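Colleague: Chains as they are written, first to last, in the numbering used here: chain A, 10 to 386; chain B, 245 to 575; chain C, 17 to 244.
No wet-lab data here; the hints were simulated from the structure.
Just so you know, these numbers come straight off a predicted model, no measurement behind them.
Where a beta carbon is used, it is the ideal one built from N, C-alpha and C, also for glycine.
You may find that some hints are simply not true.
What the hints assert, rightly or not - Within a straight-line C-alpha distance of at most 25 Å, the following computed DMTMM-like cross-link-like pairs (lysine to aspartate or glutamate) qualify: (1) B:K282 with A:D382; (2) C:K100 with B:D372; (3) C:K151 with C:E163; (4) C:K131 with A:D22; (5) B:K405 with A:E213; (6) C:K100 with B:E540; (7) C:K151 with A:E301; (8) C:K100 with B:E535; (9) C:K209 with C:E199; (10) C:K136 with A:E301; (11) A:K269 with A:D22; (12) C:K136 with C:E157; (13) C:K155 with A:E301.
As the list claims (entries may be wrong) - So, partial list: chain A residues that the calculated Cβ filter (under 7 Å) puts toward chain C: (14) R12; (15) E280; (16) I283; (17) W289; (18) V384.
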Amino acid sequence: MARSIERQRHILDFTLASILRRKGKNGALLAVYTLIIFILSSVLFFTHALRQEAQAVLQGTPEIIVQRSLTGRYQTIPLDYAETIRGIRGVISVEPRLWGYHYDGNTLANYTIVVPGEDAPPDGSIDIGSGISRVREANERDTMGFSGFDGKPRGFTVRKVISAESQLISADLIVMSEHDYRAFSGIPDNQATDLVLKVRNPREFTTIAEKIVRLLPDTRPIVRNEILRTYNALFSWRSGLIIVIFSAAALAFVIFAWDKASGLSAEERREIGILKAVGWETSDILFMKFWEGLAISLTAFLLGVSLAYMHVFFSSSFLFAPVLKGWSTLYPDFRLVPIISFGQLTATFLLTVVPYVVTTILPSWRAATIDPDAVMR
Amino acid sequence: MILHPNILALFVSSLLVCLMVLYSSYYGIRILRSWDIKSGSELQLALERRTYLISTIVSYFLLFQLASLFLFISTADSICELFVGAMCAVGTLTVNQFGYPTLLLKLFTFLLAGFWLVLNRLDNHGYDYPLIKTKYLLLLFLTPLLLAETITQTLYFMGLKPDIITSCCGSLFSSSSRSIAAEVVNAPALPMLAGFYLSALATAAGGIWFYLKGSGGILFAALSALHFMISMVAVVSVISLYIYSIPSHHCPFCILQKEYYFIGYPIYLSILTAAITGVGAGWTARYRTIESLSEELPRMRATLILASLLSIAVLVAITSCYVFFTSFTLR
Amino acid sequence: MIRTHDISKVFNAGRPNEFTALNAVSLDISLRDVTILKGPSGSGKTTLLGILGCMARPTTGRIFLAEREITSLPERFLTDIRLKTFGFIFQQFNLIKGITALDNVMVPAFPTGEKHASLKRRALESLEMFNMGHKADSKTEWLSGGEAQRVAIARALINRPTIIIADEPTAHLDTRLSHEFMEIMATLKADGKTIIMASHDPIVYDSDLGDRIIEMRDGQVVDAGSRA
Chain A
10 MARSIERQRH ILDFTLASIL RRKGKNGALL AVYTLIIFIL SSVLFFTHAL RQEAQAVLQG
70 TPEIIVQRSL TGRYQTIPLD YAETIRGIRG VISVEPRLWG YHYDGNTLAN YTIVVPGEDA
130 PPDGSIDIGS GISRVREANE RDTMGFSGFD GKPRGFTVRK VISAESQLIS ADLIVMSEHD
190 YRAFSGIPDN QATDLVLKVR NPREFTTIAE KIVRLLPDTR PIVRNEILRT YNALFSWRSG
250 LIIVIFSAAA LAFVIFAWDK ASGLSAEERR EIGILKAVGW ETSDILFMKF WEGLAISLTA
310 FLLGVSLAYM HVFFSSSFLF APVLKGWSTL YPDFRLVPII SFGQLTATFL LTVVPYVVTT
370 ILPSWRAATI DPDAVMR
Chain B
245 MILHPNILAL FVSSLLVCLM VLYSSYYGIR ILRSWDIKSG SELQLALERR TYLISTIVSY
305 FLLFQLASLF LFISTADSIC ELFVGAMCAV GTLTVNQFGY PTLLLKLFTF LLAGFWLVLN
365 RLDNHGYDYP LIKTKYLLLL FLTPLLLAET ITQTLYFMGL KPDIITSCCG SLFSSSSRSI
425 AAEVVNAPAL PMLAGFYLSA LATAAGGIWF YLKGSGGILF AALSALHFMI SMVAVVSVIS
485 LYIYSIPSHH CPFCILQKEY YFIGYPIYLS ILTAAITGVG AGWTARYRTI ESLSEELPRM
545 RATLILASLL SIAVLVAITS CYVFFTSFTL R
Chain C
17 MIRTHDISKV FNAGRPNEFT ALNAVSLDIS LRDVTILKGP SGSGKTTLLG ILGCMARPTT
77 GRIFLAEREI TSLPERFLTD IRLKTFGFIF QQFNLIKGIT ALDNVMVPAF PTGEKHASLK
137 RRALESLEMF NMGHKADSKT EWLSGGEAQR VAIARALINR PTIIIADEPT AHLDTRLSHE
197 FMEIMATLKA DGKTIIMASH DPIVYDSDLG DRIIEMRDGQ VVDAGSRA
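Let's have the full structure, built from the sequences with the hints guiding it.
Modeller: Structure follows, in structure tokens:
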């Protein structure tokens, strides 16, 4: 047993020295390999972190939201619908919500205006999100003007700027009092944007949703879990799509690896011939190739994953930013919570290291089965 | 179809592994047909060189299949939220009829590959490759199983559409539903625990006997195989209860998660190792009479038996910790 | 005793470029002797050396090493025997470039799993035996012809073989170095080693070191020679 370990140690030493002797060829391979892993890991980290963030955020959303639709479009909902729904068994509470979007022609941005349940600003004041503050260069105690539903401008004093920690959801937020918002948006007093429900037993979501639709056919209840599931599926789909595209790059890498592995230079061939002639066996050479592959794969993997980690979590994925921002002018300047899982790492491993190993098995074996007496001729 | 990165990874690696193993089988057939150790012809020399390639392939296959097994379960677990009623991997796997078959085939091919490598190691020590035919017949047996696994995995994932209502742990494992899983759980808990301990004791005793006397190999192999099945059933029907401290939580996959300190990994690894080494040790007893193996066989047998005994001990130790040293009790 | 019985070696059998390197060669080679294979290039000397030295298997025929038949041994067993029994000296020295002389001497012993410290010590001793100790850490490219030759011989001895096989050892050496080589062989013979050499250099086969000269031509033995 000690002999086998010592034997592997010797082979490993020889292999590492041999890798360093061919810096050019191995360097190129390592660079490409690391790049592939870097791209893949970045995508996986980014989407996974976003998904976790979205889920964390969504946990705080209401369990069931009831909207009203007319002609297939979303409409404000009459407050007396709430009474009907309160009567359904299993519903603990029904509260109306007031909120909406506002387009600001000056900055080409869409804001979300929300009337909170508590701690609403006094009439005439608003709280604004950090994105709006940045884009309109407005701070506390400044006055901002917006045009209401009737085109008339209205001024509001900024009470406070919402902290940057919750940027993902608050960057484009304006918080306003109910009285101000009804006047600003034109929503009549007997209507609300939508209703939020609290339900006693989570198993009954679907049953209660079905009852609501039966009683009030023009409503559309949305169960939180449905949102979570849909977001989940969407994130997975998006990242999956990127990976399919990535597979083109992976294919190129694999061809490159094959070429490097089978294109043994005359020098390498001679070296292996000598090793076999002086007493190394085929399995010794196979181990040598294995250690070589392992050293390169491990280095590429660690480097690639570390760089991806830093890219996504410390520099906010600056490489992906143009693709993700799109037309958004209020793109939040957020830091994702660093989070990685073994599942992701294994997926990265299976998508990069496995193809590499599979393509290099055959060339490695060809190298290892060079005839020992070849060097005699 | 769900275009999840992990699912793509599983597809790609399964496909590549399939190709590798098919390639090996092709040469396996040639070896079975034309092998003649006494000949010095170029064909024979080429075939001998080829065997190195095949053992390398199967070794990598074992590693990749283990990773794939883990990723399959982990993915099933993480996408359970996409299906109404699924609380963990159990729910996801029952969405369509290909879920559990894929898992079982993955597991079985992994065990076969482990067994193949044991045989291979032994064969390499014989100067006349005594087990070459057996080895390659086993490989030819493994290949269609692997193909089946890749196909069922593909069918499983293709058939996954989010929002399908499925049964979760609670309803699948309740006493009212009649399916195999229900029967597993309905195995009464305390008697099953006793059965587990008895089986462990019997297998260990068989192993020690085999180690000391050199006979009783087939018996030990049979006991190991039986113990494998009993351990799996025990994990689901009683051991998991102690780990979760809940009398109705039977899920075999949740013990792989962080909340339970990943205890599932040592448990399953020790069960798998005990199976491969135990059956391997017992099976190799058949080759006692082969002269070229007479030196290596006892050595290998000893190592395998010890590995098997150690794995059994690890599992018993972990189980006992949970059964006797936690405040949860089934009585 | 190394015994071959009717061994043949055929390359590219069944194809248009089929070539028979050895044809029904039967020989008995005594241990502790210096046996010299003499003949022009293409006579099969190198192929025969390869088979005698457990580097290759004959296409047909049988070969015995000290009464044990090694004809059908799989590669790993053959290599194991070769490692322990034979030391090779090649025409072109065949040292690995890019590593030191000392490393070159140690390389054949890596598969044995010997502890690094003791291996290094023995390799150094081996080099010192040929006055190359001071060049232990020189890279191969910096060695002169004579120095490379001595490192190659030191390497051949690292696994304490009983049989030395040399293929055209003086082909790339001048007269002085060739004589020096033969002196080293004489020392090894005095140590009880068996030496089998293939050469078409008169300095080798005409020297009085050879106990038996075997003449070969076109893959066959034309003169089995006798102990001189």
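Colleague: With reference to the structure, classify each hint as holding or not holding.
Modeller: Cross-check of the supplied hints:
no.	hint	result
1	B:K282 with A:D382	holds, 21 Å
2	C:K100 with B:D372	holds, 20 Å
3	C:K151 with C:E163	holds, 9 Å
4	C:K131 with A:D22	holds, 13 Å
5	B:K405 with A:E213	holds, 23 Å
6	C:K100 with B:E540	holds, 20 Å
7	C:K151 with A:E301	violated, 29 Å
8	C:K100 with B:E535	holds, 23 Å
9	C:K209 with C:E199	holds, 14 Å
10	C:K136 with A:E301	holds, 24 Å
11	A:K269 with A:D22	holds, 22 Å
12	C:K136 with C:E157	holds, 21 Å
13	C:K155 with A:E301	holds, 23 Å
14	R12	holds, 3 Å
15	E280	holds, 6 Å
16	I283	holds, 5 Å
17	W289	holds, 6 Å
18	V384	holds, 6 Å
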